[in-house]
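Let the hints inform the model, and build the full structure from the sequences given.
Protein sequence lines, in the order shown, are assigned to chains A and B.
Numbered per our numbering, the first sequence spans residues 1 to 226.
Numbered per our numbering, the second sequence spans residues 1 to 226.
Calculated from the structure, these hints are not laboratory results.
Treat the hints loosely; a few may be bogus.
No copy labels: a pair is met if it fits in one copy or bridges any two.
Stated by the list, open to error - In silico lysine-lysine, DSSO-like type, Cα no more than 27 Å apart, as pairs: (1) Lys131 x Lys61; (2) Lys131 x Lys40; (3) Lys153 x Lys61; (4) Lys40 x Lys218; (5) Lys136 x Lys113; (6) Lys19 x Lys153; (7) Lys150 x Lys132; (8) Lys132 x Lys218; (9) Lys131 x Lys218; (10) Lys40 x Lys132; (11) Lys61 x Lys218; (12) Lys61 x Lys19; (13) Lys40 x Lys153; (14) Lys40 x Lys136; (15) Lys113 x Lys153; (16) Lys40 x Lys150; (17) Lys132 x Lys19; (18) Lys19 x Lys218; (19) Lys153 x Lys218; (20) Lys113 x Lys132; (21) Lys61 x Lys132.
Quantities reported herein were computed from a predicted structural model and do not represent experimental measurements.
2 protein chains.
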Amino acid sequence: MANSNRKSDEETTFAAVPKAVVSRLSLYLRELQQLLSEGKETVRSGELGSRLGFTDAQVRKDLTYFGQFGYPGIGYRTDELVQAIRQILGTDIEWRVVIVGIGNLGRALLGYKGFASQGFQIVAAVDADPKKAGLKVEGVEVHPIEQLGKIVKRCRARLGMVAVPAAAAQNVVDQLVEAGVEGIVNFAPMTINLPEHVSHVGVDLASELEQITFAVAKRWHAQQQS
Amino acid sequence: MANSNRKSDEETTFAAVPKAVVSRLSLYLRELQQLLSEGKETVRSGELGSRLGFTDAQVRKDLTYFGQFGYPGIGYRTDELVQAIRQILGTDIEWRVVIVGIGNLGRALLGYKGFASQGFQIVAAVDADPKKAGLKVEGVEVHPIEQLGKIVKRCRARLGMVAVPAAAAQNVVDQLVEAGVEGIVNFAPMTINLPEHVSHVGVDLASELEQITFAVAKRWHAQQQS
DNA sequence: ACATGTGAAAAAATTCACAGCA
DNA sequence: TGCTGTGAATTTTTTCACATGT
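Written out as structure tokens, the structure is:
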């Protein structure tokens, strides 16, 4: 292998990558950073996988969508793989993020320590309540909603996090799109409409709990049967 | 069809249901509740699907894992389908939930209005900081961490939400399991280990953003190619 | 006529199993 | 020897297309 990056010339299609692979990549990254902090210099696909509940083959297959990162007989160099995955996910550079809606959830997002360490910098906050304008929350100034577009552009925010009531979400999203953000995380429990060229992820807290109640109900059904 | 529930005698295996189906079910439910509030008495699979970005066939196939809920030539009765999905997800009954970690995120969860309407009742809060013990946040009393097990049992909480720092998460989870909770939502950016019989979902906020940066990077790659 | 429910076909994702390399 | 990378086989999930019911 060469000096630093192995197989850096990627001609990966990138389009054919399953969504599930990308979410596992995030988990691999988190686990590798943990491994790194534990002082492990290398890790085998089986180790990494079993920590997360995946098979060794799954880990290897996922990674080879993007290149060859391992050393036969050895495994993966932890630090190299961390760097490689950050590059794949695009978080080897800083992303500027604007938060809309400074209620309980917005405040929690503003104060969340996990963003900065992963390459996300919250550059501005916006709220519809005029009483909140001018406030500084977690060191970030809150602006009135009317200035959303201007703020996004001035701060060169590329991503938006929406933490407003469901009824206000679509309107906020439209303004974010208009202002030119490239991606949106929507915490409002509401389906939003977006143009093709803007990515989004919806996080619905009640829905997360429902995944669990279903699993519990499923176990109950299985039990009844026997 | 009969008086109220169509095909109520389910012999569904329940085990063979793909995970993705369950998360779509949550989205269907949310959309149906929206539809209901708009006064729509019936809805066709195509309508429901297109609002969420799915095909009509997908909607029908998902639902038939659990029974027959539609009326050929008509569609689905909105209110009936809402009730049916709640029953499938298990949220036709109330679930008592305990929150561990009353930092910014825990407070946001405590104040989140979307839980109650979906059948989740937050019955207790716990925090490691003794200064927080005795406080009432959003009408819920905060207890010291030492009493976690006792509180879970006294309140008969069946689910736990973990919003503590990563380093503390495994320990909290172990205590929740010991206390007998049936499911856990983990907001700490850390892999947790659980026995088979306890369900869990991990919500990693940075990971959600990474899904988007990847999508943006992907689009950039596609653009370069042309 | 029109929309559901559903086997069958197709597509996608995962797992297997082994060649190749350190 | 031990582990990666990867085609091939398998399994899972989605889509198709039409018989069936109202």
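Structure-based check of all given hints:
For the homomeric pair Lys131 and Lys61, neither the shortest alpha-carbon distance inside one copy (52 Å) nor that between copies (49 Å) is at most 27 Å. In the homo-oligomer, the alpha carbons of Lys131 and Lys40 never lie at most 27 Å apart, since the shortest distance is 50 Å inside one protomer and 37 Å across protomers. Proximity of Lys153 and Lys61 under a CA criterion of 27 Å is satisfied in neither setting, with 40 Å inside one chain copy and 44 Å between copies. For a Cα distance limit of 27 Å, the shortest separation of Lys40 from Lys218 qualifies neither inside one copy, at 39 Å, nor across copies, at 31 Å.
When the C-alpha separation of Lys136 and Lys113 is checked against a cutoff of 27 Å, the pair qualifies both within a copy, at 17 Å, and between copies, at 25 Å. Taking identical chains as interchangeable, the C-alpha atoms of Lys19 and Lys153 are never at most 27 Å apart, the minima being 30 Å within one chain and 39 Å between chains. For the identical chains of this complex, Lys150 and Lys132 are intra-copy neighbours only, at 18 Å inside a copy versus 40 Å across copies, given an alpha-carbon limit of 27 Å. Neither within a single protomer nor between protomers do Lys132 and Lys218 lie at most 27 Å apart by alpha-carbon distance, with minima of 45 Å and 37 Å respectively.
Taking CA atoms no more than 27 Å apart as the test, Lys131 paired with Lys218 passes in neither setting, with 47 Å inside one copy and 40 Å between copies. In the homo-oligomer, the alpha carbons of Lys40 and Lys132 never lie at most 27 Å apart, since the shortest distance is 46 Å inside one protomer and 37 Å across protomers. For the homomeric pair Lys61 and Lys218, the shortest alpha-carbon distance between copies (19 Å) is at most 27 Å, but the shortest distance inside one copy (31 Å) is not. Taking the shortest Cα distances, Lys61 and Lys19 sit within 27 Å of each other both inside one copy (14 Å) and across copies (21 Å).
For the homomeric pair Lys40 and Lys153, neither the shortest alpha-carbon distance inside one copy (42 Å) nor that between copies (40 Å) is at most 27 Å. For a Cα distance limit of 27 Å, the shortest separation of Lys40 from Lys136 qualifies neither inside one copy, at 41 Å, nor across copies, at 43 Å. For a Cα distance limit of 27 Å, the shortest separation of Lys113 from Lys153 inside one copy, 25 Å, qualifies, whereas the shortest one across copies, 32 Å, does not. Proximity of Lys40 and Lys150 under a CA criterion of 27 Å is satisfied in neither setting, with 46 Å inside one chain copy and 39 Å between copies.
When the C-alpha separation of Lys132 and Lys19 is checked against a cutoff of 27 Å, the pair qualifies neither within a copy, at 38 Å, nor between copies, at 41 Å. Proximity of Lys19 and Lys218 under a CA criterion of 27 Å is satisfied in both settings, with 26 Å inside one chain copy and 12 Å between copies. With identical chains, the CA atoms of Lys153 and Lys218 are at most 27 Å apart between copies only, with a shortest distance of 23 Å across copies and 48 Å within one. For the identical chains of this complex, Lys113 and Lys132 are neighbours both inside a copy (22 Å) and across copies (21 Å), given an alpha-carbon limit of 27 Å.
Neither within a single protomer nor between protomers do Lys61 and Lys132 lie at most 27 Å apart by alpha-carbon distance, with minima of 49 Å and 47 Å respectively.
In summary, the numbered hints that this structure violates are 1, 2, 3, 4, 6, 8, 9, 10, 13, 14, 16, 17, 21.
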